[in-house]
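Asks: Here is how the chains run, residue by residue.
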Amino acid sequence: MTSIDISNLTKEYGTTRAVDRLTFTVEPGRVTGFLGPNGAGKSTTMRLALGLDRPTSGSATIGGRPYATIEEPLRHVGALLDAQAAHGSRTARNHLSALAVSNRIPARRVDEVLEETGLASVAGRRIKTFSLGMRQRLGIAAALLGDPQVVLLDEPSNGLDPEGIIWIRELLRRLARDGRTVLVSSHLMNETASFADHIVVLGRGRLLADTPMQDFLDAHSHARVRVRTTDPARLRAVLVRKGYEVAQSDDGRWTVDGAQAAEIGALAATEGIPIMELADEQASLEQAYLTLTADDTEFTAASPTTAQEA
Amino acid sequence: MSTTAVLHSEWIKIRSVRASFGSLIAIFAVTLAVTLLVFPTVGQAEADNADAEPLFDAFYALNFAQIAAISFGATAVSSEYLNGALRISLSAVPNRGLFYAAKTAIVAAATLAAGLATSFATFLVGQAFMGEYTIGLSQPGALRACIGGGIYLALMALFAAGLTALLRSAVAVLSILIPFILIVSFVVGDVAAGAAEYLPDRAGQQVLHQDPVGALGPWTGLAVTAVWAAAALLAGWWAVRRRDA
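Note that the protein sequences, when read in sequence, are chains A and B. The UniProt record's numbering applies: residue 1 is where the first sequence begins, and numbers increase by one. The UniProt record's numbering applies: residue 1 is where the second sequence begins, and numbers increase by one.
No lab work stands behind these hints: they were computed from the structure. Each hint can be trusted.
Here are some of the chain A residues that sit facing chain B, going by a computed Cβ distance under 7 Å:
no.	residue
1	Tyr67
2	Leu74
3	Ser89
4	Arg90
With beta-carbon atoms standing in for the labels, derived distance ranges:
no.	chain 1	residue 1	chain 2	residue 2	range
5	B	Val184	A	Gly14	32 to 42 Å
6	A	Asn8	B	Ala117	49 to 59 Å
7	A	Asn38	B	Phe186	44 to 54 Å
8	B	Phe186	A	Gly14	36 to 46 Å
9	B	Ala239	A	Thr10	15 to 25 Å
10	A	Glu72	B	Ala105	12 to 22 Å
Small disclaimer: the values here were computed from a predicted structure and weren't measured. The beta-carbon is built from N, C-alpha and C at its ideal position, and this holds for glycine as well.
Sequences are here, hints too, so could you generate the full structure?
Replies: See below:
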């Protein structure tokens, strides 16, 4: 058993409740995306799972045991919490060696993970000369050092270039295929959708969703049609008569919710309404996620426009 | 968890951070440099003074060694408090008692080795330039002072290490301890001689005197410094054990 079990977990800092009676299980053999806006409690939950912070109440166990009681834990659990945490004065190799030695992980693993993360050529360089992307890779190298069955990564693609993002995506999928337990946090839904089999969504420390990725996709990416015509008045009349919900967008196009392009096309043809443009539009996944977390976002910009990073 | 493995890991950590390893080397290097500057030039002239104390004066350069020892103790621990490095360390060694004990043991072993080498070296090298005033290891109290001087440096490093674990910052510890050692201890020492004897540096340096005056003997003085170091380490342990990483 290598699942991560979070049970009724609560963590308070002073009067702020960073994690609020959280319960979920991260199962092996799949990538679990851990989503939530900044400040939702993702990193805190990870620190609690690793026994770094003390829960106010509740428990977090890995493979049924509190992390702190696991012998040579790096051989069982690998974690990337903060890529900036590695001491800048050390070389990448020394950083990994110190970790490997403490858990009696053979020295060859250091070279293997350096190779695997593409850092072999800079192994002897001081970490302070590394870019954020390279530090991120080093953090992932450290997480993989003990060939662990459980992997927790906090925003691993942060600072990675597009090639790095593809690499991490494939790495995560491979780890899950090997039957490992993989928990990956992110605040971006689209990115998470590209690798996760399952998602756990937090908002203000509370659980908002714990669902297979596919279910979330099915539930939230509902159909919508975009249409442009020379005779909007007639089209609108016809559609409304048929019970469709029609809305005009700023650029003169019309959007029809809950419809397929094929239906609208056929309808327009029978009515003889000239159509200049007709397309299916998937409601953005990011939008669905933002809607879900909208009430539970800790830090929002004053303007109502939502910045979409992906 | 294997204790040897954790000790080895802590040694790699100290060796691989320039500030720590540099301070460790500096304990020996700076002391030897000061010895070579001072004793060939003013050593004999100083020894001619009426209030000269041949044995204690032989360890003049340890004043510099203790600054390096304090820096080493502080930076060896403070490297864990930079950008949350402690989280990485504690995910590898979640047993905080083992982690703290291993770090303390490595600081103690490294400074004891460097301290003893430094203490003997400054004594022997310095005396080589003292001409007619030369004293040897056979001088009463000389061997005790050399060994005690090494232990004293280790204790000061541990004192700094404990304080750093408590305050989580080498800058804070160094800006308290170094002015303290350089100024306060002297000033207070002159004003209130009785109580000042029990300050960590004053007490420990009793071991360097041939015939210590005051309430503390050579070893009891060193024991007082050991109590200071132990108190600092315990306070540090309280912080490491209690606080979120």
